[in-house]
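Required output: the full structure, derived from the provided sequences and hints.
Respectively, the protein sequence lines represent chains S and C.
The first sequence begins at 721 in the numbering used here and counts up one residue at a time.
The second sequence begins at 721 in the numbering used here and counts up one residue at a time.
Bear in mind the hints are in silico, worked out from the structure with no lab data behind them.
Errors might be hidden in some of the hints.
The list cannot tell twin chains apart, which means a pair is met if one copy fits it or any two copies do.
In silico lysine to any residue, SDA-like type, Cα no more than 20 Å apart, as pairs [claimed, not checked]:
1. K943 x T731
2. K882 x T805
3. K882 x L857
4. K882 x V822
5. K882 x R866
6. K797 x G767
7. K908 x L857
8. K882 x L845
9. K778 x A951
10. K821 x P890
11. K811 x P927
12. K797 x R769
For clarity, every value in this text was computed on a predicted model and none was experimentally measured.
There are 2 protein chains.
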Amino acid sequence: MTPIAPISSITPPKAVILLSGGLDSTTVLAIAQAQGYHCHCLSFAYGQRQEIELVRAKEIAARAGALHLVLNLDLGKIGGSALTTDQAVPKHRSLAEMGEKVPATYVPARNIVFLSHAAAWAEVLGAGDIFIGVNALDYSGYPDCRPEFIAAFESMLNLGTKAGAEGGKPFTIHAPLLHLNKAEIIRKGVELGVDYSLTHSCYDPDPAGGACGGCDACLLRAKGFREAGIADPTPYQD
Amino acid sequence: MTPIAPISSITPPKAVILLSGGLDSTTVLAIAQAQGYHCHCLSFAYGQRQEIELVRAKEIAARAGALHLVLNLDLGKIGGSALTTDQAVPKHRSLAEMGEKVPATYVPARNIVFLSHAAAWAEVLGAGDIFIGVNALDYSGYPDCRPEFIAAFESMLNLGTKAGAEGGKPFTIHAPLLHLNKAEIIRKGVELGVDYSLTHSCYDPDPAGGACGGCDACLLRAKGFREAGIADPTPYQD
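See below:
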């Protein structure tokens, strides 16, 4: 955990926060702000079926008083995921099934592509800190949410960028949720004043943005609130 | 160097080739084809002022009988480079100046973003091989053209992707030009039958696509042809 910046700091350090509009990344934004960072939120329109999350991300950033940039990506042309194609989103899977193998909702190299853009923006902003809401528990089997991946990305970044090459401030990838479970994340967010009614988790929302209640994201979210003993503000469809 | 695939191979291995339409990446395509790969070329419309290169990339891929995908990227919104903004492209720099520091034409994290997308496509295609035309000599000071960066990217990729996580075929990033100078690259390409009149190198072309003759890319290209003792098919403006 990075030490909290002193309140007297005149120019707060800039950070880029990958903000999907979901529960995890919204908590990360609150954590980065509590640590004293001047937060620059980054979201992507990548052809995801849950594009409603971008509306939520915009509102979350606005309420937090943080800057927000949305970039378009062409991941839909690449396909290979239930989130960017017509492929069905798996429903009502058990935790054991989620842990078994990489699921159909995995978007090939998505976090790699997202972090690459965060790095590009951080270089331009002169920010050395990038925050991402991955976590290694309750994570539905995504390879790009593992701690060893985050460490490897940081090393690569410090070699392949101008800041790294010129000996400037190297980049740090912060993944403050890495070793928390969903209930712990929610408790942390509630402590920090996060309004989870603004967040969207569902992979397969109805046209109005309502959560399906059966996809991995809905199941893990609902389980997290249950275990945290906090009411989930989401009205689920099933 | 990867061994040349046997001619009798019934299903040639698939590879993703980052193809800008320039001299280096066009040579890399020829090398990958000579090695027996089924080549899938990937180009990006990222708001670059030398967008003419995409027209050339399309023709180069078509003549090579290779597949070609062009993805849109929003790097222009991030800025920070003379290639994606109105910032002037440096002209008539000496080789010493080019080697001194990262130039204004550096696009923040560009190769990281490009390789990330190549990885995403490779995952979907089931390709384990990605080719990129970076070289550590005659390279105009870009940090994302260094061998240690390429090695670090490959390691990161094999941790952060489904193929890496499930123990499938890991990815190899091929940078066959890494240790060649421009003259050697050109000689290699000529041996393999590359038609360099199709390629575009200039960072600051006129509206018709004509090469300026003064930017780093033009200067390094012209010097390469001179040193190779081969006529440069490019008509330069100055």
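A quick look at each hint next to the structure:
Taking identical chains as interchangeable, the C-alpha atoms of K943 and T731 are never at most 20 Å apart, the minima being 40 Å within one chain and 46 Å between chains. In the homo-oligomer, the alpha carbons of K882 and T805 lie at most 20 Å apart only across protomers (18 Å), although the nearest pairing inside one protomer, at 36 Å, exceeds that limit. Taking CA atoms no more than 20 Å apart as the test, K882 paired with L857 passes between copies only; the shortest distance there is 17 Å, against 34 Å inside one copy. For the identical chains of this complex, K882 and V822 are inter-copy neighbours only, at 7 Å across copies versus 34 Å inside a copy, given an alpha-carbon limit of 20 Å.
Proximity of K882 and R866 under a CA criterion of 20 Å is satisfied inter-copy only: 12 Å between copies versus 26 Å inside one chain copy. For the identical chains of this complex, K797 and G767 are neighbours both inside a copy (9 Å) and across copies (18 Å), given an alpha-carbon limit of 20 Å. In the homo-oligomer, the alpha carbons of K908 and L857 lie at most 20 Å apart inside one protomer (15 Å), although the nearest pairing across protomers, at 50 Å, exceeds that limit. With identical chains, the CA atoms of K882 and L845 are at most 20 Å apart within one copy only, with a shortest distance of 13 Å there and 32 Å across copies.
Within a single copy, K778 and A951 get their C-alpha atoms no closer than 24 Å, and across copies no closer than 55 Å, so neither meets the 20 Å cut-off. Taking the closest pair of Cα atoms, K821 and P890 come within 20 Å of each other only across two copies (17 Å); inside a single copy the shortest separation is 34 Å, beyond that limit. Proximity of K811 to P927 under the C-alpha cut-off of 20 Å is restricted to the intra-copy arrangement: shortest distance 18 Å within a copy versus 53 Å between copies. Taking the shortest alpha-carbon separations for K797 and R769, only the intra-copy value of 14 Å comes in at or below 20 Å, while the best inter-copy value is 23 Å.
The structure fails hints 1 and 9 (numbered hints given earlier, in ascending order).
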